[in-house]
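*Asks:* Below are the chains, spelled out letter by letter.
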Amino acid sequence: DAKTTQPTSMDCAEGRAANLPCNHSTISGNEYVYWYRQIHSQGPQYIIHGLKNNETNEMASLIITEDRKSSTLILPHATLRDTAVYYCIVRAYSGNTPLVFGKGTRLSVIA
Amino acid sequence: KAGVTQTPRYLIKTRGQQVTLSCSPISGHRSVSWYQQTPGQGLQFLFEYFSETQRNKGNFPGRFSGRQFSNSRSEMNVSTLELGDSALYLCASSLGGQSTAFFGQGTRLTVV
Numbered sequence: 227d228a229k230t231t232q233p234t235s236m237d238c239a240e241g242r243a244a245n246l247p248c249n250h251s252t253i254s255g256n257e258y259v260y261w262y263r264q265i266h267s268q269g270p271q272y273i274i275h276g277l278k279n280n281e282t283n284e285m286a287s288l289i290i291t292e293d294r295k296s297s298t299l300i301l302p303h304a305t306l307r308d309t310a311v312y313y314c315i316v317r318a319y320s321g322n323t324p325l326v327f328g329k330g331t332r333l334s335v336i337a
Numbered sequence: 048k049a050g051v052t053q054t055p056r057y058l059i060k061t062r063g064q065q066v067t068l069s070c071s072p073i074s075g076h077r078s079v080s081w082y083q084q085t086p087g088q089g090l091q092f093l094f095e096y097f098s099e100t101q102r103n104k105g106n107f108p109g110r111f112s113g114r115q116f117s118n119s120r121s122e123m124n125v126s127t128l129e130l131g132d133s134a135l136y137l138c139a140s141s142l143g144g145q146s147t148a149f150f151g152q153g154t155r156l157t158v159v
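Protein sequences, first through last, are from chains U and R. The first sequence begins at 227 in our numbering and counts up one residue at a time. The second sequence begins at 48 in our numbering and counts up one residue at a time.
Just so you know, not all the hints are guaranteed correct.
Lysine-lysine pairs mimicking DSSO-like chemistry, simulated, CA-CA at most 30 Å apart [stated by the list, open to error]:
{"id": "1", "chain 1": "U", "residue 1": "K329", "chain 2": "U", "residue 2": "K278"}
{"id": "2", "chain 1": "R", "residue 1": "K60", "chain 2": "U", "residue 2": "K295"}
{"id": "3", "chain 1": "U", "residue 1": "K278", "chain 2": "U", "residue 2": "K229"}
{"id": "4", "chain 1": "R", "residue 1": "K60", "chain 2": "R", "residue 2": "K104"}
{"id": "5", "chain 1": "U", "residue 1": "K278", "chain 2": "U", "residue 2": "K295"}
{"id": "6", "chain 1": "U", "residue 1": "K329", "chain 2": "U", "residue 2": "K295"}
{"id": "7", "chain 1": "R", "residue 1": "K60", "chain 2": "U", "residue 2": "K329"}
{"id": "8", "chain 1": "R", "residue 1": "K104", "chain 2": "U", "residue 2": "K329"}
{"id": "9", "chain 1": "R", "residue 1": "K60", "chain 2": "U", "residue 2": "K229"}
Restraint ranges, calculated between C-beta atoms of paired labels, are given here [said to hold, decoys possible]:
{"id": "10", "chain 1": "U", "residue 1": "T252", "chain 2": "R", "residue 2": "Q88", "range": "17 to 25 Å"}
{"id": "11", "chain 1": "R", "residue 1": "G89", "chain 2": "U", "residue 2": "N245", "range": "20 to 28 Å"}
{"id": "12", "chain 1": "R", "residue 1": "G131", "chain 2": "U", "residue 2": "G321", "range": "15 to 23 Å"}
{"id": "13", "chain 1": "U", "residue 1": "I289", "chain 2": "R", "residue 2": "P108", "range": "35 to 43 Å"}
{"id": "14", "chain 1": "R", "residue 1": "L58", "chain 2": "U", "residue 2": "G321", "range": "39 to 47 Å"}
{"id": "15", "chain 1": "R", "residue 1": "L58", "chain 2": "U", "residue 2": "E292", "range": "44 to 52 Å"}
{"id": "16", "chain 1": "U", "residue 1": "I300", "chain 2": "R", "residue 2": "S117", "range": "25 to 33 Å"}
{"id": "17", "chain 1": "R", "residue 1": "T157", "chain 2": "U", "residue 2": "I265", "range": "39 to 47 Å"}
{"id": "18", "chain 1": "U", "residue 1": "P233", "chain 2": "R", "residue 2": "K60", "range": "34 to 42 Å"}
{"id": "19", "chain 1": "R", "residue 1": "T85", "chain 2": "U", "residue 2": "P233", "range": "18 to 26 Å"}
{"id": "20", "chain 1": "U", "residue 1": "H303", "chain 2": "R", "residue 2": "G105", "range": "36 to 44 Å"}
{"id": "21", "chain 1": "U", "residue 1": "G321", "chain 2": "R", "residue 2": "E99", "range": "16 to 24 Å"}
One side only, chain U facing chain R, incomplete, derived with CB under 7 Å [to be verified]:
{"id": "22", "residue": "A243"}
{"id": "23", "residue": "Q268"}
{"id": "24", "residue": "N322"}
Since the hints were derived computationally from the structure, they do not count as laboratory data. Note that the Cβ used here is the ideal one computed from N, Cα and C, for glycine as well.
Bound conformation, chain U alone (with noise of 0.2 Å):
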């Protein structure tokens, strides 16, 4: 089962920020917050991993609480093409576990 919790929709406007919020209450020392989505019918996407620091690249931004019981993916500039299905899961950094996917956060982006 999925460890994390996410609101299963949410929207935004174009061209201002998305901030998608991921609960992991029970996340271990060991264990590293990925995030994904899912742009309609296609593969998911890689788009941000981090342990206990914020973390940012070209997508996105991840902002990990200092407790790590929770983490919120901002999309600086959302546009119609960020209209997706996010994915906020958990994952040991050793060992050799499987991404479990739940049922993850469909943002709509709104002209």
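Mind docking chain R on chain U? Use the hints.
*Replies:* Just chain R, lined up with the frame of chain U:
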């Protein structure tokens, strides 16, 4: 750098038939994982191969099998197809271990 390539993209089969799907990983990646996605069950892990060995297996019946070749390309096979096997089958590749996985575009299988 080419991404993960899955073939074919679309497939229609009849109940009782078998099917083989192919996945070519990103160059240098030795791990290939397979997932099934249906509207009801979401994305579910099937199995993972690394250096031609199955390292991890999800909770699917034995009709679902796979293999990996020495060039890291992987195939999955589903025998005695059922209507419920209609799904998007996704393949992901990585360097191995817990390194980041990158997905292909999937194969859409329809069983009629």
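*Asks:* Provide an ascending list of the numbers of those earlier hints which the structure does not satisfy.
*Replies:* 2, 9, 12, 14, 16, 17 and 22
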